[in-house]
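Peer 1: Sequence:
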Amino acid sequence: KQWYQRRVRAAAGSAWPATWTEHTSPDGRTYYYNNETKQSLWTKPPELMTPSERLFAQCPWQEHKEAESGKIYFYNTETKESIWTEPPEFTKIKEEVAKLEAAVLMTPMVPQVSQVQLPLTAPPDEEPEEEVVYATKDDARN
Numbered sequence: 778k779q780w781y782q783r784r785v786r787a788a789a790g791s792a793w794p795a796t797w798t799e800h801t802s803p804d805g806r807t808y809y810y811n812n813e814t815k816q817s818l819w820t821k822p823p824e825l826m827t828p829s830e831r832l833f834a835q836c837p838w839q840e841h842k843e844a845e846s847g848k849i850y851f852y853n854t855e856t857k858e859s860i861w862t863e864p865p866e867f868t869k870i871k872e873e874v875a876k877l878e879a880a881v882l883m884t885p886m887v888p889q890v891s892q893v894q895l896p897l898t899a900p901p902d903e904e905p906e907e908e909v910v911y912a913t914k915d916d917a918r919n
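For the sequence shown, the positions run 778 to 919 when this note's numbering is used.
To be clear, the hints were calculated from the coordinates, so they are not data collected in a lab. Heads up, a few of these hints could be off.
BS3-like mimics (lysine-lysine), calculated; alpha carbons at most 27 Å apart, straight line [stated by the list, open to error]:
| id | residue 1 | residue 2 |
| --- | --- | --- |
| 1 | Lys869 | Lys842 |
| 2 | Lys821 | Lys857 |
| 3 | Lys848 | Lys876 |
| 4 | Lys842 | Lys815 |
| 5 | Lys815 | Lys869 |
| 6 | Lys821 | Lys848 |
| 7 | Lys876 | Lys821 |
| 8 | Lys815 | Lys848 |
| 9 | Lys857 | Lys869 |
| 10 | Lys815 | Lys876 |
| 11 | Lys842 | Lys857 |
FRET-style restraints, in silico, Cβ to Cβ [what the hints assert, rightly or not]:
| id | residue 1 | residue 2 | range |
| --- | --- | --- | --- |
| 12 | Thr862 | Ser802 | 31 to 39 Å |
| 13 | Glu878 | Tyr850 | 19 to 27 Å |
| 14 | Glu878 | Gln839 | 17 to 25 Å |
| 15 | Leu882 | Arg831 | 17 to 25 Å |
| 16 | Glu855 | Leu818 | 13 to 21 Å |
| 17 | Leu882 | Gly805 | 31 to 39 Å |
| 18 | Tyr808 | Lys842 | 18 to 26 Å |
| 19 | Asp804 | Ala880 | 36 to 44 Å |
Don't be surprised by glycine CBs; every beta carbon is placed ideally from N, CA and C.
Please build the complete structure, drawing on both the sequences and the hints.
Peer 2: Right, dumping it as structure tokens:
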């Protein structure tokens with residue numbers, strides 16, 4: 778008997794962003810590469826961002842930690858200004874993210890399959906099947 782494997786992917790409510798991959802540069806920084814366009818980015822592409830990350834990406838203010846003291850400061854990517862106190866625009870986004878995350882916590886969780894390897898038998902004269910995508914784990918069993 779020959780064993781073949783079939784990948785099962787769960788539909789996670791959004792398209793699988795297979796065109797982008799995450800990498801680490803020789804100096805340790807994370808970057809993203811698009812296999813289709815051959816484009817590289819230092820910032821996470823919107824297709825890979827969580828809903829919370831997308832909200833923060835709308836704000837010009839970014840939260841950073843000073844290397845020596847560990848103290849939090851805020852940097853505005855548009856004006857290049859740095860401040861020690863949390864700006865109101867950042868506070869507003871933080872509140873929206875908290876509401877979004879609270880709503881997610883209140884949503885019933887449905888088990889999802891990220892990747893499962895299923896052993897399948899096939900007659901020796903048959904080729905392995907193409908990758909099949911299932912919506913749920915139960916669909917994969919049927």
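Peer 1: Work down the list of hints and note, for each, if the structure agrees.
Peer 2: Here is what the structure says about each hint:
1. Lys869 x Lys842: Answer holds: Lys869 to Lys842 is near 20 Å, not above 27 Å.
2. Lys821 x Lys857: 20 Å, holds
3. Lys848 x Lys876: Holds, at about 26 Å.
4. Lys842 x Lys815: 32 Å, violated
5. Lys815 x Lys869: 36 Å, violated
6. Lys821 x Lys848: This hinted pair holds, its Cα atoms lying about 25 Å apart.
7. Lys876 x Lys821: Holds - the C-alpha atoms of Lys821 and Lys876 are around 23 Å apart, at most 27 Å.
8. Lys815 x Lys848: Violated, at roughly 38 Å.
9. Lys857 x Lys869: 20 Å, holds
10. Lys815 x Lys876: 37 Å, violated
11. Lys842 x Lys857: 16 Å, holds
12. Thr862 x Ser802: 31 to 39 Å: 33 Å, holds
13. Glu878 x Tyr850: 19 to 27 Å: Because 24 Å falls inside the window, the suggested range holds.
14. Glu878 x Gln839: 17 to 25 Å: Given about 19 Å between the Cβ atoms, the range holds.
15. Leu882 x Arg831: 17 to 25 Å: 18 Å, holds
16. Glu855 x Leu818: 13 to 21 Å: 19 Å, holds
17. Leu882 x Gly805: 31 to 39 Å: Taking Cβ atoms as reference, Leu882 and Gly805 lie about 33 Å apart, which means the hint holds.
18. Tyr808 x Lys842: 18 to 26 Å: Hint holds: Cβ distance 21 Å, inside 18 to 26 Å.
19. Asp804 x Ala880: 36 to 44 Å: 38 Å, holds
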